[in-house]
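Undergrad: Below, each chain spelled out in residue letters.
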Amino acid sequence: MTINWKWDMFFEAFPFILQGLGVTVGLTFACFLFALIFGFVWVFLRRIKFKPVNWLVTWIMEFIRSTPPLIQLFFIYYAWPMVPGIGVSLTSFESAIIGLGIHFSTYIGEVYRSGIEGVDKGQWEASTALNFSTRQKWTKIILPQAIPPTIPMLGNYLIIMFKEVPLASTIGVVGILSLAETYGTDNFRMLESYTIVALIFLALSYPSAILINKLEKKMNRRFDKKAALQDSKGAVV
Amino acid sequence: MIIINAMIEVFPVLMKGINITITVFIFSSIFSYIFAFIAGLCRVSNNRLVRGGTSIYVEIFRGTSLIVQLFWLYYAIPMLFDVGIDNRLAAGVLAISLNYGAYMSEIVRGSILAVDKGQTEASIALNLSRSQRMRIVIFPQAFRMMLPEFGNYLIQILKATSLVSLIGMTDILYHGNILRSTNLSAAPTVYLLLLVFYFIMALPLIFLTRKGEQISKRGVAS
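So the sequence lines, in the order shown, correspond to chains X and W.
First residue of the first sequence? That's 124 in the numbering used here, and the numbers climb one at a time after it.
First residue of the second sequence? That's 19 in the numbering used here, and the numbers climb one at a time after it.
Chain X on its own, in the form it takes in the complex:
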């Protein structure tokens, strides 16, 4: 068995494939931003007390979460323009933002929810006692305490989304995976081009994962310390 690896091809393909990195990273952040915003929509929809609505929203989220993002992308890109009445034609980039954004917004909504549930009940009572309006309650009291502890989890989802973004190459977004495919088929060198893509992913996601891990530990310490401080103060009083 001979090992058929060509370094000259590797170095020729590398700058070509790297051109797509901007699109891949840009799309990742665009999807992430979309999911961050849309995640709030799920949080508030799920807080509606009316039973049928609550039930419906829960199952819609479950549906989005347990079906493949690849088919959701195809649905938005190919099928949405065909839907009579409400269908609009979207570019592949826009479809990818919406498709992956909605898919991950269901996960991010759960992250927000866990953060909100983590806020002490006394905070709600205090803000009611202080006569805050519902809007003020959320923007001034609850969310500023609920969101920061979830930042490491959100960071994890950013990395997960970065790894899902190459799916968009199937509907024609020209990121690193598409360029690798182009180069590979043009030169009959799939080996080097796909290896480059794998290396780029590894080079970006591994250090970010370590960074997030560190951040998580730091945050845990910070919030634990705060809680401990409050406890000790409470004990003294």
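One or more hints might be untrue.
What the hints assert, rightly or not - Dumping the calculated DSBU-like pairs for lysine-lysine here, alpha-carbon to alpha-carbon at most 30 Å:
#, chain 1, residue 1, chain 2, residue 2
1, W, Lys-235, X, Lys-244
2, X, Lys-172, W, Lys-235
3, X, Lys-340, W, Lys-135
The set of hints was computed from the structure by calculation and includes no laboratory data.
Take the given structure of chain X and dock chain W to it, following the hints.
TA: Just chain W, lined up with the frame of chain X:
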């Protein structure tokens, strides 16, 4: 009415691919668990070489995306060794199970490490051997902690099976794509039905996950 007629037309075409989808799912989940247990146990090994080697596997497969691994296994590996393996099922199953095996090995490792230290100390005091300690005391307790996450990953694996159509396996998505390319106006019905197919397949897994959560909570003094 038009929608119902279209569904009657589309449904049997998609059903042709259901065998492949389910086959890939079953094989991938079995192998994922095998890889997860092997890698997870290797990562709590005392041997530094075993631990380091497994960490490299886990980090590589967690650090790159599944679609890249799939293409790499299917297109690049045969080229690397100059052999013409043209087995799509093997490439698809191997890619999915190596990927999710790596993710799930972290759960195996985490659960084993989460078992209370006192259990290890007690089993040492009872003069159990290392393998007995793991087999009889630690692992059964760790296993129930793994259940909820394992259920979640089954759903992830099911979702991942849709990727095998990209290397030309004739699963339900493949048949759907062909139908769409011949008749674009059928696209909404095709993809909606595909999503519903996947959701119906996921439903038992969703309930299984909830069951797993209940089992893992039951009767454990924490």
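Undergrad: Go through the numbered hints given earlier and state which of them the structure violates, listing their numbers in rising order.
TA: none
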